[in-house]
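> Protein chains in written order, with the numbering used here: chain A, 754 to 984; chain B, 754 to 984.
Just so you know, these hints were derived from the structure itself, not from any lab.
Careful, some of the hints might be misleading.
Which copy is meant is left open, so a pair is good if it fits within one copy or across any two.
As the list claims (entries may be wrong) - Under the rule of at most 30 Å between Cα atoms (straight-line distance), these lysine-lysine pairs were calculated in the DSS-like manner:
| no. | residue 1 | residue 2 |
| --- | --- | --- |
| 1 | 918 | 897 |
| 2 | 918 | 756 |
| 3 | 859 | 897 |
| 4 | 859 | 956 |
| 5 | 859 | 918 |
There are 2 protein chains.
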Amino acid sequence: MMKTFTRQHINDLEQRYRARLINCLSGFKSANLLGTQDSDGNLNLAIVSSVVHLGANPPLVGLIMRPNTVVRHSFENMVETGVFTINQVSSEFWQAAHQTSARYPKSQSEFDAVGLTPEYIDDFGAPYVAESQLKYGVSLREIKHIDANNTEFVIAEIEQIHVNKTAISEDGYLDVESLGTVAVSGLDSYHVTQRLSRLSYAKPDQPADHLDVSGERIETMPENVTRLNQG
Amino acid sequence: MMKTFTRQHINDLEQRYRARLINCLSGFKSANLLGTQDSDGNLNLAIVSSVVHLGANPPLVGLIMRPNTVVRHSFENMVETGVFTINQVSSEFWQAAHQTSARYPKSQSEFDAVGLTPEYIDDFGAPYVAESQLKYGVSLREIKHIDANNTEFVIAEIEQIHVNKTAISEDGYLDVESLGTVAVSGLDSYHVTQRLSRLSYAKPDQPADHLDVSGERIETMPENVTRLNQG
Chain A
754 MMKTFTRQHI NDLEQRYRAR LINCLSGFKS ANLLGTQDSD GNLNLAIVSS
804 VVHLGANPPL VGLIMRPNTV VRHSFENMVE TGVFTINQVS SEFWQAAHQT
854 SARYPKSQSE FDAVGLTPEY IDDFGAPYVA ESQLKYGVSL REIKHIDANN
904 TEFVIAEIEQ IHVNKTAISE DGYLDVESLG TVAVSGLDSY HVTQRLSRLS
954 YAKPDQPADH LDVSGERIET MPENVTRLNQ G
Chain B
754 MMKTFTRQHI NDLEQRYRAR LINCLSGFKS ANLLGTQDSD GNLNLAIVSS
804 VVHLGANPPL VGLIMRPNTV VRHSFENMVE TGVFTINQVS SEFWQAAHQT
854 SARYPKSQSE FDAVGLTPEY IDDFGAPYVA ESQLKYGVSL REIKHIDANN
904 TEFVIAEIEQ IHVNKTAISE DGYLDVESLG TVAVSGLDSY HVTQRLSRLS
954 YAKPDQPADH LDVSGERIET MPENVTRLNQ G
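One chain only, chain A, in its complex shape:
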């Protein structure tokens, strides 16, 4: 049984109820910790769920920032230094990662507050999370202001990647599930995953093949799986 929320109904919802509801609409979201520091070397760590793939060549990611919220120190630091790190959150430290969203004063390092370990790699100018098994250093490329709700779309370029070797497949796919990478739904729900399958590049009039984690074909999908209603 489906329930419909009209726009008027959405507008009339209690504010926190609406925030929880609307935050669930996009589906599963990535969980990443942003590692930054200011020019005095004060460290900051903040969990975000809005990191999105932008392109592979040049290698780019994007994320949404709300500068007047708890992530304002991260935003100030990335503008000040031009660099930051993005660290995937795993089931080994998801609760500590969530705790970084508390409103600590700027002088308080969230690394210390929640017990995660800052790590510097190859002289990159922002701290990584030592516990993270997939992380990368990025440089700020562009900030686009979104007038509709005064948020910022941050575009960053990937400068270096550090990943546990066990996750690297022959064809370049990274098995983030094997690293325990978590997904987020809504504002506060954390999930581990179980792979259904990888699928081959889709072509018209030809069902995709199942691929194993290394990208090898393992079976051809039956025709009726991709044509559900055409018995």
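Model the placement of chain B on the given structure of chain A, informed by the hints.
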């Protein structure tokens, strides 16, 4: 054991290897089908993994489009009509959803090609996916061109929401896991999820509580869970 990819190493990677690798960096991504039609009533359906939450008031979502790729018909249709639908992909039809990424001619409806059912609700001007248990109609609000790689960041406003009643929690959280909503990693890997927990709003010097799916507190987290290294 960690492996490092320097920027030079990334630049030198074979193109498809790089695309697979970089697509994994953001972590788990949402799986959604965009439902559109042109002004002649030709339907289009396209899977995307870049839908992100933008804000709850006004209710906004964003997504990245590459207009010169297989999603160009969707992009043209949303510009032409100003509206589209976003339909969460579940484990009931993930393979059919993947198949929409094949390069069908514009005159061919992907609904027909993959066997999903177009559905019109409340006179909204774009087709929904009947099989989807969480879907919403949006109006195009703004398109921001990203110079760095000639992609478009599409900002859309949520006009109506349709969700299976069983997924609605008392506090507004939608249990997308109970709907079988899938997550994507990389270009082609699909995953179902298992909830670790919901967590209460984080406050400094106070560990977050575990919440059940309806938002009720079920236990206080032990102090050492959020302060991993401060025995």
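> Can you give the numbers of the hints that this structure goes against, from lowest to highest?
1, 5
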